[in-house]
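Student: In order, the protein sequences belong to chains A and B.
Counting in numbering that gives the first Met the number 0, the first sequence runs from 0 upward without gaps.
Counting in numbering that gives the first Met the number 0, the second sequence runs from 0 upward without gaps.
Some clues are possibly wrong.
Cβ pair distances, simulated, as ranges [what the hints assert, rightly or not]:
no.: 1; chain 1: B; residue 1: Ser109; chain 2: A; residue 2: Ile44; range: 25 to 33 angstroms
no.: 2; chain 1: B; residue 1: Gly130; chain 2: A; residue 2: Gly52; range: 29 to 37 angstroms
no.: 3; chain 1: B; residue 1: Leu102; chain 2: A; residue 2: Thr186; range: 37 to 45 angstroms
Just so you know, these hints were derived from the structure itself, not from any lab.
Note that the Cβ used here is the ideal one computed from N, Cα and C, for glycine as well.
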Amino acid sequence: MSRTVEQKRALWAWLFLALPLVYFILVRFYPTLDAFSISLTEWNIVGEKTYVGLDNFIALYNDPVFWIVLGNTFEYLALGVPISLFLSFMVAYYLDQIRFGHGFLRACYFMPFLTTAVAMAWVWRWFYQPVPIGIINMTLGQLGILQLDFLRSTTQALPAVLVPAIWAGLGFQIVIFMAGIRAIPQTYYEAAKIDGAGPWQILKEITLPQLRPTITFLVVMSSIGFLRIFDQVYNMTQEGEGGPLNATRPLVLYIYKAAFDDFEMGMAAAQTVVLFTILMIITVIQLRLLRK
Amino acid sequence: MKNISVRKSFIWVMLAIGGIVMMTPIIFMFSASFKYNDQIYDLALISSEPTLSNYFYLFENTEFLTWFMNSFFVAMVVTISVLFFDALIGYTLCKFKFKGRKLIFIAILSTLMIPTEMLVIPWYILSKDLGLLDSFIGLIFPGLMSGFGVFLMKQFFEGVPDDYLDAARIDGLNEFQIFIEIALSMVTPALSALAIFTFLGNWTAFLWPLIVTSSADLYTIPVGLSSFSGEFQSEWEMIMTGAAVASLPTLLVFLLLQRYIIRGVILGGLKG
Numbered sequence: 000m001s002r003t004v005e006q007k008r009a010l011w012a013w014l015f016l017a018l019p020l021v022y023f024i025l026v027r028f029y030p031t032l033d034a035f036s037i038s039l040t041e042w043n044i045v046g047e048k049t050y051v052g053l054d055n056f057i058a059l060y061n062d063p064v065f066w067i068v069l070g071n072t073f074e075y076l077a078l079g080v081p082i083s084l085f086l087s088f089m090v091a092y093y094l095d096q097i098r099f100g101h102g103f104l105r106a107c108y109f110m111p112f113l114t115t116a117v118a119m120a121w122v123w124r125w126f127y128q129p130v131p132i133g134i135i136n137m138t139l140g141q142l143g144i145l146q147l148d149f150l151r152s153t154t155q156a157l158p159a160v161l162v163p164a165i166w167a168g169l170g171f172q173i174v175i176f177m178a179g180i181r182a183i184p185q186t187y188y189e190a191a192k193i194d195g196a197g198p199w200q201i202l203k204e205i206t207l208p209q210l211r212p213t214i215t216f217l218v219v220m221s222s223i224g225f226l227r228i229f230d231q232v233y234n235m236t237q238e239g240e241g242g243p244l245n246a247t248r249p250l251v252l253y254i255y256k257a258a259f260d261d262f263e264m265g266m267a268a269a270q271t272v273v274l275f276t277i278l279m280i281i282t283v284i285q286l287r288l289l290r291k
Numbered sequence: 000m001k002n003i004s005v006r007k008s009f010i011w012v013m014l015a016i017g018g019i020v021m022m023t024p025i026i027f028m029f030s031a032s033f034k035y036n037d038q039i040y041d042l043a044l045i046s047s048e049p050t051l052s053n054y055f056y057l058f059e060n061t062e063f064l065t066w067f068m069n070s071f072f073v074a075m076v077v078t079i080s081v082l083f084f085d086a087l088i089g090y091t092l093c094k095f096k097f098k099g100r101k102l103i104f105i106a107i108l109s110t111l112m113i114p115t116e117m118l119v120i121p122w123y124i125l126s127k128d129l130g131l132l133d134s135f136i137g138l139i140f141p142g143l144m145s146g147f148g149v150f151l152m153k154q155f156f157e158g159v160p161d162d163y164l165d166a167a168r169i170d171g172l173n174e175f176q177i178f179i180e181i182a183l184s185m186v187t188p189a190l191s192a193l194a195i196f197t198f199l200g201n202w203t204a205f206l207w208p209l210i211v212t213s214s215a216d217l218y219t220i221p222v223g224l225s226s227f228s229g230e231f232q233s234e235w236e237m238i239m240t241g242a243a244v245a246s247l248p249t250l251l252v253f254l255l256l257q258r259y260i261i262r263g264v265i266l267g268g269l270k271g
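Make a model of the complete structure from these sequences and hints.
Tutor: Following this line, the structure appears as structure tokens:
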């Protein structure tokens with residue numbers, strides 16, 4: 000009796016999972032394997048695929064632009080992660096101590112997270128224009144300070160593109176940090192105060208160590224986000240080229256250009272394999288850190 | 000005591016300045032959308048003669064309304080599908096015992112490691128072979144179910160006691176009825192968190208819609224705005240109006256449902 004009930008329930012389970020399984024195989028697993036297999040071919044999408052082994056990866060290794068692109072991608076990560084985590088922690092830490100106007104201030108910091116990256120990329124692009132259009136240079140001009148080239152400069156363009164990406168992500172990080180801070184048991188603080196610890200010591204000995212899982216989570220999430228930066232670069236640079244002179248071009252834009260401008264599918268797929276590998280390494284490092 | 004209140008006021012002022020800086024791009028975007036072209040060079044937030052003409056122009060002479068509706072339609076369909084299927088999968092993997100359950104869960108979870116950027120090329124080829132390029136189905140199919148949602152929902156169903164489900168079984172409901180009528184109603188916070196993330200993600204999605212659409216009447220709002228802005232390079236008041244239209248729905252919903260949205264984001268962020 001109970002056996003048939005169990006069998007019946009298992010049948011229901013498979014009925015529920017039938018369509019999802021087909022979907023995940025068709026739209027996730029098969030395309031993943033396909034990406035790996037395309038990366039080993041030369042293919043312009045219309046003609047025949049030719050198997051070329053690891054030639055695409057060797058070509059990438061010898062491609063100076065690819066190294067520039069990889070360097071840019073890591074520059075987004077290396078600047079973006081520490082700056083955004085530092086800012087969001089500062090805001091969360093102090094905002095948590097404020098009662099008056101708390102909800103309103105939190106809303107101000109959080110709203111950019113809900114905006115569309117493409118739309119905001121154009122707002123920032125407008126801000127960065129030279130006088131008499133861009134408000135940043137107009138303000139600098141009125142204060143009598145020097146003018147900045149921003150998106151037209153090979154050195155300033157990458158940070159200029161990065162700012163809206165950091166700006167849009169802060170709200171999420173602040174909210175997560177605040178939830179993490181709230182979750183620390185109040186008794187820890189009371190015990191520390193009895194021991195005569197100052198605010199700095201409490202921050203260093205209790206708050207930060209207790210926030211370790213939150214920090215790990217946010218570091219990984221934002222690392223993945225900055226490594227995949229695309230919308231801002233595509234919309235803030237001339238013709239979406241990632242210029243000037245490749246100065247802002249990240250890996251995903253390079254993939255997009257290879258696949259959908261030049262139709263070098265094999266080469267583009269090889270680049271996605273590189274991206275996948277980088278993201279994989281970062282995730283594995285995270286799991287290691289979390290387990291500790 | 001006095002010291003503390005001075006310190007608090009200082010913190011408050013600094014946070015308020017930071018908050019204003021955060022809001023500046025959004026405020027200037029809306030401000031510029033109510034200005035004529037020759038006033039765009041004026042730093043004043045509210046122009047001496049505010050106008051709605053940019054909005055009228057946008058809706059009458061460009062395809063913004065179509066793009067808006069496309070985005071809404073795509074985000075809606077994907078969100079409904081994700082809510083239904085991810086909840087169903089999560090529920091099944093949590094509450095049913097059968098061979099292969101663990102394997103399926105791990106397989107679905109492993110899809111979280113695969114970045115969209117890696118899948119767009121195979122998706123493009125798949126769409127091309129099936130004739131789905133430049134179609135609504137092409138826009139929609141990659142998002143219909145998500146590993147993230149399955150994981151989130153499964154975790155929440157762990158908190159639903161089996162007794163409730165068994166009681167419904169004794170009442171003679173079949174398994175699908177139990178899922179729809181009993182189980183779903185007990186995980187509404189998770190469902191709303193998942194809905195927020197999915198809708199927002201699809202409303203703002205750029206890469207895949209940019210790749211799969213080629214005719215302007217199928218663009219979503221980010222793709223439309225991007226091509227429109229590229230053409231209208233120097234007419235910043237028009238670009239800002241377009242950007243405002245793209246941002247308005249999510250900001251408006253936030254203003255109405257602030258508490259729920261922040262709670263949902265924390266829930267989705269921490270458990271997911």
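Student: Hint by hint, say whether it matches the structure.
Tutor: For each hint, the structure was consulted:
1. For B/Ser109 and A/Ile44, the hinted distance range of 25 to 33 angstroms is satisfied, since their beta carbons lie about 28 angstroms from each other.
2. For B/Gly130 and A/Gly52, the hinted distance range of 29 to 37 angstroms is satisfied, since their beta carbons lie about 32 angstroms from each other.
3. Between B/Leu102 and A/Thr186 the Cβ separation comes to about 43 angstroms, which falls inside the hinted range of 37 to 45 angstroms.
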